[in-house]
Amino acid sequence: MRPDSILFTALHGELALQPGQDPHLAASDAYSLFVARSAAMGWLAEAAEDASGGIWGMNDAGQDSGCGSPPKRIAWFQVSLIEPIAADRPLPVQALLSCAGDVVARIGTPRLDAARLLLPVQSLAGSAASSRVSAVMTLLQSAGWFVDCARQSRTGVDVTLDGGQDPILRSAAPEMLAWIRGLAQDVFWCDSLTDEVVVLEPAVSDELWLGPAYHRATFRGSLAEWSVDALGWLAALLAEASFRHGVTTSLMLTARRSSDSASRM
Amino acid sequence: MLVCRSLRMILTAAVLSVALLGGSQTSAIAAPAIPAPASAPYSTSGKVGLKSTGDLKSTGDRTASSVCFFTTNGDYVHRSGSDASGHGWWVNGNCRATFAVVTVQLQEYYSDGSWRNKGAPGRRTVRSGGGRGNRATGRAGCNNSSVTGWRSVIDVDVVGVADDPRKLTTPGRNISCRRF
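Line order of the protein sequences matches chains A and B.
First residue of the first sequence: 17, per the numbering used here; consecutive thereafter.
First residue of the second sequence: 207, per the numbering used here; consecutive thereafter.
Accuracy of the hints is not assured; some may be wrong.
As the list claims (entries may be wrong) - Below are the DMTMM-like pairs computed for lysine to aspartate or glutamate, each with C-alpha atoms no more than 20 Å apart in a straight line: (1) A:K88 to A:D118; (2) B:K373 to A:D66; (3) B:K373 to A:D129; (4) A:K88 to A:D129; (5) A:K88 to A:D164.
Read the hints as simulated data drawn from the structure, not as lab findings.
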């Protein structure tokens, strides 16, 4: 029996706290704010046998004081995915990142420079790759959120997908690139594959995936805007592309702006 | 809404308790001599009891009654570093209390269908809401990363208020952590 499918995300950048706020005196923290927000949005499954609804169960969360090399981690969130995933639903990473973004914006004023996501691609295996066309169409429908993004909002990004000890991702990457280019969408323009690797610290525990990092590929392109919403959409699309091309294990996604322009979430 | 939910919880707990007892007896006949930690079948992974301090069906007017209500909350037991970990907290409904003692005990699933306490219980006196510093954490160290069933049993004792002995048992989850 396989273990719980874990969704994990970490936001990297800077977080300016609200003026006069002492984080050590606050009654809330990243954990309690994430629970409150995801409960309000209908995303939280209560840890109770008769609970209904929800797309994830809470695991843990934390706020960092900004140690390590930049871009520094400012907050992280970990949940267990409620399965099975319906054939017409993508991985709920856009909701996860949106919730995480709401939490850090509640704590202070964030500037997002990079993000990390653990994508449990194996949880898509409940439906055949061919039947996941509906999930891709759901993503193309939700791409409408970005359709009027200003031209100057488009931001260059490098996105590294890492399969850890599973080698399939590396060989599948060229076909994934071609598949993404064939979709009628303007959220992510994928220019090329590159050997440059996006690295963020601290690393995620190997126990949550087939770590440590090893078999990987970096997709270089541009996003309609640099935001948690757009990153979540892209992560969900890359999960679908990975599954469609034979990946059946968790992938570590690491994304970073490749331009110097500063933008707010 | 809370009244209906509480009553429903009581019925659920009773039915599942019977099912679990049956499962344990059946397993005992065919089980190996020495039960070992194992992954848990999700269908028998746990039961739940949502605590309240009394039977709310008799409470037409809350303000005129000595009965008050609160919920016991927790998260899914998960891997955290080299440990299995689970959090617990409480949310006050209308109890005249500021603090409660929250205790989280982790349990590991065994091949004979039993759940066994592992690690030291986490106990903390906390305010309502589960905010910063107001959660209790149960932990148990992992000996290896074999997939194994875990759950937590969370008890809340509201300070200064008599409450019943029911506890919240979170659903069993299979995680990469085994403790012998």
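Here is how each hint holds up against the structure:
1. In summary, the hint linking K88 of chain A to D118 of chain A is supported, as the alpha carbons are separated by about 19 Å, within the 20 Å threshold.
2. Of the pairs offered as hints, the one joining K373 of chain B and D66 of chain A holds, with about 15 Å between alpha carbons and a cut-off of 20 Å not exceeded.
3. Between K373 of chain B and D129 of chain A the alpha-carbon distance is near 44 Å, which puts this suggested pair outside the 20 Å criterion.
4. Distance restraint check for K88 of chain A and D129 of chain A: the Cα-Cα separation of roughly 9 Å lies within the 20 Å cut-off, and the hinted pair is therefore satisfied.
5. At roughly 31 Å between alpha-carbon atoms, K88 of chain A and D164 of chain A are farther apart than 20 Å, so this suggested pair is violated.
The structure shown violates the earlier hints numbered 3, 5.
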